[in-house]
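Enquirer: Listed in order, the protein sequences are those of chains H and Z. Using my numbering, you'd call the opening residue of the first sequence number 1 and step up by one each time. Using my numbering, you'd call the opening residue of the second sequence number 1 and step up by one each time.
None of these hints come from the bench; they were simulated from the model. Source: prediction; values computed, not measured. Errors might be hidden in some of the hints.
Claimed, not checked - Okay, the calculated beta carbon distance ranges per label pair:
| # | chain 1 | residue 1 | chain 2 | residue 2 | range |
| --- | --- | --- | --- | --- | --- |
| 1 | Z | G253 | H | G227 | 25 to 33 Å |
| 2 | H | E378 | Z | S316 | 40 to 48 Å |
| 3 | Z | S316 | H | E352 | 34 to 42 Å |
| 4 | Z | I317 | H | G391 | 48 to 56 Å |
Yeah, the Cβ is synthetic: ideal placement off N, Cα and C, and Gly gets one too.
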Amino acid sequence: MTEHATDQGAGLIAGYDAGAFFDEMIDASGAARPHYRALYDRLAALTDDGLQERIRTANAFFQTQGIGFTVYGDQAGTDRIFPFDLIPRIVPADEWAHIEGGLAQRIRALNLFLGDVYGTQRILAEGVVPAELVFGSRNLRRELMGVEPPGGVYAHVAGIDLIRDDEGRYLVLEDNLRTPSGVSYMLESRQALKRIFASLFDRSGVRGIDQYPRELLETLRSVAPTGAGGDPTIVLLTPGAHNSAYYEHSFLARQMGIELVESRDLVVHRNRVFTRTTSGLQRVDVVYRRIDDDYLDPLAFRPDSLLGVPGILNAYRAGTVTLANAVGTGVADDKALYPYVPAMIRFYLEQEPILPNVPTYVGAIPDDLEVILERIDELVVKAVDQSGGYGMLIGPAATPEERDEFRKRVSAEPRNYVAQPTIALSRHPTFVRGGLYGCHVDLRPFVLSGAEGVRIVPGGLTRTALREGSLVVNSSQGGGSKDTWVLDA
Amino acid sequence: MLSRVAESLFWTARYVERAEDVTRLLDVDYHALLDAHVADHGEAWHRLVSLLGEDAAYREHYDAFTAQNVAEWLLWHDGNPNAVVSCVTTARENARSVREQISGEMWEAINGLFLLVGRANRRAVTRGPHAFFEQVRNGAHRFQGCADATMTHGEPYEFIQLGLHLERAATTVRVVRSRYPLAVALADDDPARAYELIALLKSCSAFEAYVKRHGATFEPLDIAEALVRSGQFPRAALYCLRTCAEAVARIAGDQGAPQRVLGRLCADIEYGETGDASGAGVAATLGELLAGIHRAGDALTKAFFSSRALPASAVSIQEGQQQQCG
Numbered sequence: 001m002t003e004h005a006t007d008q009g010a011g012l013i014a015g016y017d018a019g020a021f022f023d024e025m026i027d028a029s030g031a032a033r034p035h036y037r038a039l040y041d042r043l044a045a046l047t048d049d050g051l052q053e054r055i056r057t058a059n060a061f062f063q064t065q066g067i068g069f070t071v072y073g074d075q076a077g078t079d080r081i082f083p084f085d086l087i088p089r090i091v092p093a094d095e096w097a098h099i100e101g102g103l104a105q106r107i108r109a110l111n112l113f114l115g116d117v118y119g120t121q122r123i124l125a126e127g128v129v130p131a132e133l134v135f136g137s138r139n140l141r142r143e144l145m146g147v148e149p150p151g152g153v154y155a156h157v158a159g160i161d162l163i164r165d166d167e168g169r170y171l172v173l174e175d176n177l178r179t180p181s182g183v184s185y186m187l188e189s190r191q192a193l194k195r196i197f198a199s200l201f202d203r204s205g206v207r208g209i210d211q212y213p214r215e216l217l218e219t220l221r222s223v224a225p226t227g228a229g230g231d232p233t234i235v236l237l238t239p240g241a242h243n244s245a246y247y248e249h250s251f252l253a254r255q256m257g258i259e260l261v262e263s264r265d266l267v268v269h270r271n272r273v274f275t276r277t278t279s280g281l282q283r284v285d286v287v288y289r290r291i292d293d294d295y296l297d298p299l300a301f302r303p304d305s306l307l308g309v310p311g312i313l314n315a316y317r318a319g320t321v322t323l324a325n326a327v328g329t330g331v332a333d334d335k336a337l338y339p340y341v342p343a344m345i346r347f348y349l350e351q352e353p354i355l356p357n358v359p360t361y362v363g364a365i366p367d368d369l370e371v372i373l374e375r376i377d378e379l380v381v382k383a384v385d386q387s388g389g390y391g392m393l394i395g396p397a398a399t400p401e402e403r404d405e406f407r408k409r410v411s412a413e414p415r416n417y418v419a420q421p422t423i424a425l426s427r428h429p430t431f432v433r434g435g436l437y438g439c440h441v442d443l444r445p446f447v448l449s450g451a452e453g454v455r456i457v458p459g460g461l462t463r464t465a466l467r468e469g470s471l472v473v474n475s476s477q478g479g480g481s482k483d484t485w486v487l488d489a
Numbered sequence: 001m002l003s004r005v006a007e008s009l010f011w012t013a014r015y016v017e018r019a020e021d022v023t024r025l026l027d028v029d030y031h032a033l034l035d036a037h038v039a040d041h042g043e044a045w046h047r048l049v050s051l052l053g054e055d056a057a058y059r060e061h062y063d064a065f066t067a068q069n070v071a072e073w074l075l076w077h078d079g080n081p082n083a084v085v086s087c088v089t090t091a092r093e094n095a096r097s098v099r100e101q102i103s104g105e106m107w108e109a110i111n112g113l114f115l116l117v118g119r120a121n122r123r124a125v126t127r128g129p130h131a132f133f134e135q136v137r138n139g140a141h142r143f144q145g146c147a148d149a150t151m152t153h154g155e156p157y158e159f160i161q162l163g164l165h166l167e168r169a170a171t172t173v174r175v176v177r178s179r180y181p182l183a184v185a186l187a188d189d190d191p192a193r194a195y196e197l198i199a200l201l202k203s204c205s206a207f208e209a210y211v212k213r214h215g216a217t218f219e220p221l222d223i224a225e226a227l228v229r230s231g232q233f234p235r236a237a238l239y240c241l242r243t244c245a246e247a248v249a250r251i252a253g254d255q256g257a258p259q260r261v262l263g264r265l266c267a268d269i270e271y272g273e274t275g276d277a278s279g280a281g282v283a284a285t286l287g288e289l290l291a292g293i294h295r296a297g298d299a300l301t302k303a304f305f306s307s308r309a310l311p312a313s314a315v316s317i318q319e320g321q322q323q324q325c326g
């Protein structure tokens, strides 16, 4: 067996076992899929030394760039280097066109839904979405009823998580419409890969993603308040250096050439927002805020917040400043409302959804609740208002005690939980423990919505579950990342 | 530019300079006490601690002024906010919060200094400190040199210059105020007097510069004049305060409270009478100068930073909220 592998001159890739899952690189017959052919040949020709050298190059790149993220619960907020896999994930042009169309359609519907919820509530009146789910959402901000943001855009930056099932179909796993992160890893992974597989880039026709910061800036400009004039002042508001995504905040501010501000840099005077500068107060028009609604304004939300800007919500209501994302977008990515997104697409756009949802049982619906409690051992149970892989149970992998615990939690507060069948996520060859193994992957493209429409940079963050058999890909749960190549033909 | 950013740059530079100053003063006394016939080493160490203004805090932790205790206190002690390790840590924390403002080289320099001090084998350093002192000073010089050579000389750079030179002026004045009276109290022919004056010059890295100008004759008043009134020697009080005044003028023009305070200080030094050259007389004059430097610091804070620092008790709550967010 070993000799056979050596005969092919491909120690690494020839020993690779695609297993019983949908593999991104290898088809059912064991051959490389056409869009992976060049990469496959390259891997086959790669010696172990060559590979080790590339791993060192990648690690050195991430270390000197100081790219890390903070994991809570670790000692003293230690920065860890983001675990990065040097084998890229490749999406052919036709698949990307399908994804792009589906994402644009979905985010349009979600923005219309938000405008409707905070406006006339037509969709509730017509019974398409159950009103009790909307009014029961912890992330509905009643304070914002009747306030229309510039251009009618609520979710300016969205991260839509996609997965592929055992037949390779792309499904939407969840929408992140509040403060999605990870785009800096997408951009930095590309920088690293260009150093590692330079020649492969030349031949493969990989579409560029470096325009993301510019497109984000243009998106933010397009939604400046009408009074801002031709050159609006835009700032990025971060919770501070102890936040897990602080590196990304600083990175994006540098890339866009805008100020990175903390709450104490901002002050609200007569319903206008200013930065405190060495030459006095300077007017601010757009705040790209990476702070949760809860902490944004101690006068409006959590009164104990030390991260917020007192009075900023009133300035926003007065229309003197744009907040991106808008306040209250969390109602649309509430996991209990997720099952209704296809209905929203049909209702607002009169189109069939291009990207299907994962089937979902909603705790708040009595029939669904019964299914969740009975079949908890086959399902993935998620708390509706949590993200990042916190507060979830993977039924098949859980102990009986853990399942009982979740049954109790779900019965006590059914509105707080949804459940989905365990999907056999697609796998991708990934370099772990000295060899190539199939690891489950997802894909988070970043979708920008401005006054002039939707823009999607061709790519995204491919996250891998590095622990053997794990289905959880969040970076806070020990997942890693891959560069994602979208091909131009 | 943002007030918070200006303030962080100012304090980064100030704390890097302070770490270097404390290290240099410690180094000089370590070596001076090896060859000078100082009767009471304890008194000499005591003087160094009170020169840095930490007498009371020191006594809470130690009974006696010994080389080992003082070195531990000035390099590592948790109870000493001006210990080299806390200066470097504070400088790095400030730099970290404005990392996008400083050059990569500056960040590497400050981070390298932080790693050097953090990883030092403390016992080995206490046994043979000279090499360590030199590394700390090189680290600080590297940061300052990188600021000069790799950062745009715009407004953020001016705040770095302000922090560095205000700290440097204050240290020079403190050193002269502490050591000058001691030297003039000794008889002209007492060999200890020359040792003391040389130590004073070395404490300000001024030995070579002074000897070039005055030859190897050590007159207390000449030395005090050189360290306070020189417009050319980079650690002289006048040179440092002029540099501050120029930086402020580039930031905010020639109107404003910081400009007035700094301008008056420079004029007082340059045109003031020498007056009473006794130990007590010089100490009193320099005491006033030090108070003036503090006023300049307050004026800068008020004009540019207007900081709303959180009370210490709220800092950990804020950190917790930063972690929960997003």
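Enquirer: Looking back at the hints listed earlier, which ones does the structure fail to meet?
Expert: 3 and 4
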